[in-house]
Amino acid sequence: MTNNLHRGRFGPVVAIVSVGVLVLGACGDDSDDSSSAGDSTSAESTTAANATTPADSAPPADAGSGPDTFSYFGQTQNTTIVGTLETLAANECATANAAAPLKADATDGATWDQQLQLVAGQGALSNMSMAAGTPSLMKEFIDAGLVLNISDALEELGVADKILPSAASTIKSLYDNEDMYALPTELNIEGFWYNKQMLTDNGIEPPATWDDLVAAAATLDAAGIQPFVAAGQDGWPVTRLVGDYIARSLGPDALQKVADGQAKLTDPEYVAAADEVAKLGDAGYFGDAPGSIDYNTAMNQFLTGGGAFFYMGSWAVSNFNDLEQNKIGVDNVGFAPFPAVDGGAGSIDQVPANAGIPVMFTTNNYGETTKQWLKCVVENYGDTVLSESGVVTGFAIDSPPADLSPLTKTVQDTINNAGGSFLWFEAAFTPEGTTVSQTNGGGLASGALGGQEFMELVQKANEG
Amino acid sequence: MAVTSQHLADPASSVAQPMKFLRRLPVRAGLTLLLVIEIYPIVWLLLGSFKRQDEFLSEPFWALPRSWGLRNYSEAFGEGGLGTYIRNSVIVVFPSLFLILLFGVAAGFALEIMVWKGRGTVLLMFLAGVMVPTQMILLPLFTAYFDLKLTGTLWPLVITYVAIGMPLTVFLMATYLRAIPKEMFEAATIDGAGVFRMFWFVALPMVRNAIFTVGLVQFFFLWNDLLISLTFTTSADQRTVQVGLLNFTGQYGARDYGPMFAGIAVSVLGTLIIYLFLNQKVMKGLTAGSVKG
Amino acid sequence: MHTVLGNKRAVVTLLAPALLVYTAVMLVPILWSTAYTFYDGNAIRGFKFVGLANYREFFGDQIAWDAVWFTVKYALVLTVLQVGAGFGLALLYVFVLRRASGVIRTIVFFPVVLPTVAVALLFRRLFEAAPSTGPVNAVLNWLGTGSIDWFGQPGRSFWVIILMDLWRSMGFYAVLLYAGLVDIPEELIEAARLDGAGGWRLVRHIVLPLSLPILLSSLIFSINGTLKVFDTVVALTNGGPGSTTTPMTLYMFRTSFTYGEYGYGSTVALMLTTMCLLVTLMIFRSTRRDITRG
Chain A
0 MTNNLHRGRF
10 GPVVAIVSVG
20 VLVLGACGDD
30 SDDSSSAGDS
40 TSAESTTAAN
50 ATTPADSAPP
60 ADAGSGPDTF
70 SYFGQTQNTT
80 IVGTLETLAA
90 NECATANAAA
100 PLKADATDGA
110 TWDQQLQLVA
120 GQGALSNMSM
130 AAGTPSLMKE
140 FIDAGLVLNI
150 SDALEELGVA
160 DKILPSAAST
170 IKSLYDNEDM
180 YALPTELNIE
190 GFWYNKQMLT
200 DNGIEPPATW
210 DDLVAAAATL
220 DAAGIQPFVA
230 AGQDGWPVTR
240 LVGDYIARSL
250 GPDALQKVAD
260 GQAKLTDPEY
270 VAAADEVAKL
280 GDAGYFGDAP
290 GSIDYNTAMN
300 QFLTGGGAFF
310 YMGSWAVSNF
320 NDLEQNKIGV
330 DNVGFAPFPA
340 VDGGAGSIDQ
350 VPANAGIPVM
360 FTTNNYGETT
370 KQWLKCVVEN
380 YGDTVLSESG
390 VVTGFAIDSP
400 PADLSPLTKT
410 VQDTINNAGG
420 SFLWFEAAFT
430 PEGTTVSQTN
440 GGGLASGALG
450 GQEFMELVQK
460 ANEG
Chain B
0 MAVTSQHLAD
10 PASSVAQPMK
20 FLRRLPVRAG
30 LTLLLVIEIY
40 PIVWLLLGSF
50 KRQDEFLSEP
60 FWALPRSWGL
70 RNYSEAFGEG
80 GLGTYIRNSV
90 IVVFPSLFLI
100 LLFGVAAGFA
110 LEIMVWKGRG
120 TVLLMFLAGV
130 MVPTQMILLP
140 LFTAYFDLKL
150 TGTLWPLVIT
160 YVAIGMPLTV
170 FLMATYLRAI
180 PKEMFEAATI
190 DGAGVFRMFW
200 FVALPMVRNA
210 IFTVGLVQFF
220 FLWNDLLISL
230 TFTTSADQRT
240 VQVGLLNFTG
250 QYGARDYGPM
260 FAGIAVSVLG
270 TLIIYLFLNQ
280 KVMKGLTAGS
290 VKG
Chain C
0 MHTVLGNKRA
10 VVTLLAPALL
20 VYTAVMLVPI
30 LWSTAYTFYD
40 GNAIRGFKFV
50 GLANYREFFG
60 DQIAWDAVWF
70 TVKYALVLTV
80 LQVGAGFGLA
90 LLYVFVLRRA
100 SGVIRTIVFF
110 PVVLPTVAVA
120 LLFRRLFEAA
130 PSTGPVNAVL
140 NWLGTGSIDW
150 FGQPGRSFWV
160 IILMDLWRSM
170 GFYAVLLYAG
180 LVDIPEELIE
190 AARLDGAGGW
200 RLVRHIVLPL
210 SLPILLSSLI
220 FSINGTLKVF
230 DTVVALTNGG
240 PGSTTTPMTL
250 YMFRTSFTYG
260 EYGYGSTVAL
270 MLTTMCLLVT
280 LMIFRSTRRD
290 ITRG
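Residue numbers (numbering that gives the first Met the number 0), protein chains in the order written: chain A, 0 to 463; chain B, 0 to 292; chain C, 0 to 293.
Treat the hints loosely; a few may be bogus.
Derived CB-CB ranges, DEER-like [unchecked claim]:
| no. | chain 1 | residue 1 | chain 2 | residue 2 | range |
| --- | --- | --- | --- | --- | --- |
| 1 | B | Leu101 | C | Tyr54 | 37 to 43 Å |
| 2 | B | Arg65 | A | Lys278 | 40 to 46 Å |
| 3 | B | Leu101 | C | Arg97 | 40 to 46 Å |
| 4 | C | Lys72 | B | Trp199 | 53 to 59 Å |
| 5 | C | Lys72 | A | Leu156 | 45 to 51 Å |
| 6 | A | Ala262 | C | Leu51 | 50 to 56 Å |
| 7 | B | Arg86 | C | Val71 | 39 to 45 Å |
| 8 | C | Arg97 | B | Leu203 | 28 to 34 Å |
| 9 | C | Trp158 | A | Lys256 | 39 to 45 Å |
| 10 | B | Leu277 | A | Asp321 | 40 to 46 Å |
Think of the hints as simulated: they come from the structure by calculation, not from any bench. Idealized CB from N, CA, C, for every residue including glycine.
Turn these sequences into a full structure, and let the hints steer you where they fit.
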């Protein structure tokens, strides 16, 4: 009776995978450097790409060469990307679609990485597909030469400027590579969404420091309000807090140091972060049985007034804007960036951000028709998806729609004004470290697990 | 005598009717409890197919749906594409089931009734298959199907199902065939019957109810399989019902409860009908009663 | 008779289809996967020969041993419970309800049909502690105890998993065993009754010995099913809290497909297969002996 594989945790893990971003503004200077560095290296890698891509070596007159369909492979759960591609195929990308008609397919997100591994192992990736959920798997694809170097490809097509620098650096840091290997079809920021009414009723200002947040939680708890709502069953909404705290106290590059072996999660300054979160759990600030709360329940709890603070990504704005789900009122939802830690090396204007699940192109069978598609997608995807689905992407927007919802605008403003950005807790971890971290997140929130214990488990899993 | 015969087993009963009632009470109470435990969840599931998303999340477990509209069902069939998934499941499951039973009974006959050297070893080899975790054969099979260009069709599902159903079917059929008195085959031999006649006219009728029972077991296994169908269906229009049910889960782990429960209700009702049909057959076979356990 | 039933050509014709498909789709891939146990890597990175390193790793891997322990504990407890409950129900059908048992048999059997996703959702709601109170905790509250976070502690989630699987499967085993019981000749039981055997003695001395073969088949089926538990755990607790309810199949699946260590994953799978094999051989031998005796 081997029926159900089911979602429990594969879903969220795969889903959330993704984040990225690095230092946006601070990287403003950096990204200039890196793009010039990219220029110098791109010459070599383009030649390399040429050598392996027969279509490139064909004479330019043969413009119609390449595969005669444009295949796309995505997760069933994501209907936005495929919907937008279909719109593009009928309108802006009609020419590309005539040369190589769009052929979209999908499989379940719960086993996405497994499926992708199987397909990639056969060298049968679609022309365009959603990227692997786990960054380290994606790195294996890149090392095996299966994934197209998007930086070089866009340079060649002359549309490199269509990618926002912040999004580009997100993707680069996501796969720890100086070139982009995926397109940022989504750009999300994360932080504390809060119930304005609950805060004003209790005389609480949106917290600017971690101590403010802890004090606010104590006040709310005393007033009989559950301070935090979190999906402990999924784990990541809790471990994100640990990661963000580390970024604030030790700086945005602190977790990369762990991945590079220069520091350990069990070092006291890292353990302190997990301890802070465990303390909140110990005090019962996540409510009863947080380990049993799943994503839906948490979302509903926040939107029906069941708690004050809700740490979540900006993809949830569509839920906040849905009056059928949101019973506390759209105007009642506020956004506060993750608070600063006193004396910490990080600053509050650095945002935790992610690129959703980006899309990649495969090197296999990459030809003229695929290039047409790539160019057209890069030029038009951002505008189309923003006006049709309200999704904020990492593409430059030519004509912003006038009727953006206030919350969507908050998100865009936060992205534009950010003083940098950083990756989420498990971004640089091994898949094993990621799994162990996220399955133990619920324990932190319920107070069953101490900070030291949690970090030891994750560090051990990371070392494999 | 005829009137009182039903009380014979319990001589005391004619004296004390209330005693009998009292003695039956624990059994009755137990039965009632059993039925509540078994039925209530199913009712909950059915009620769930009429609920809206916020009713699932905000109302208590035992709440009734606020309205009885079929919106969830039309969503499950419309956007959810449930019709296609049911068709795929039917296309895959029934031929697989037929082949499993045909091959399985034949092999069981060859291994249990026929006499040759090494049959014990072959039976053990089949039995070993019961123990292999399916996860272990996924990668080799995926590679093989891909090289054979079967990926993208429903063949990998049928082939895998038939193979995975084989060990249990062969093993159970051998067990059931073992119970047929050897004299029956001897008699048939004396009548001059060949092996295939014996298989068809002596063995098959004797194990008819066993075939239905095994068929029932295999049917549920195939119908509810998720791991295999998830791995080998690479495109949307090949999805089976169980894979299709996952569609009602969103990218970040959000669930669309209403349509999902409607999908479950439809899938379950279908299987219930088949079960009731087969169950009747099984019972008919049982009352004809030729198999000893 | 032996000449007819020993007809080689007939044996081949009858056996070939089953044997062919079984060999090609199960045996060959098993050997193939067994070969992977001597390699490190996956389909993308490529495979590297490492000799017995995976086996050494397995014997020193604390998480793997935790998974083994959980799997064994789960399989033993659930097998005893589900075959026991199934046998109890079968007795109920045959001796108490008799001809009226049809409807109840169907109803008790029914949960087997339900998709695991649905059953897991159901049990999560039944044992819910927050934000709303599920029926189980509501009863506890009514009795004066506080709500219990059923999924927050390994010991408790273990029993919820057991309970859920028991609920799903006991009707199935009841039907399997019922088929065996119903074939016990009526005269045998009547004769025993007349000898004064009733209730427990009747079951012990007449029913149990006669239904032993089917009981042992059920045991084999049950132990192999429970040692390979996967979907119910994934759906209900996903191996949590932490990794405390992670069976070997889930650990194997994660190692192979999430961590990309296909070689090591195959090693875990092979260990599980070996375990199933040993247990089954033990039971199978006793079946054989009992059949020749009975």
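Practice problem: Would you pick out the hints that fail for this structure and give their numbers low to high? | Solution: 3, 4, 5, 6
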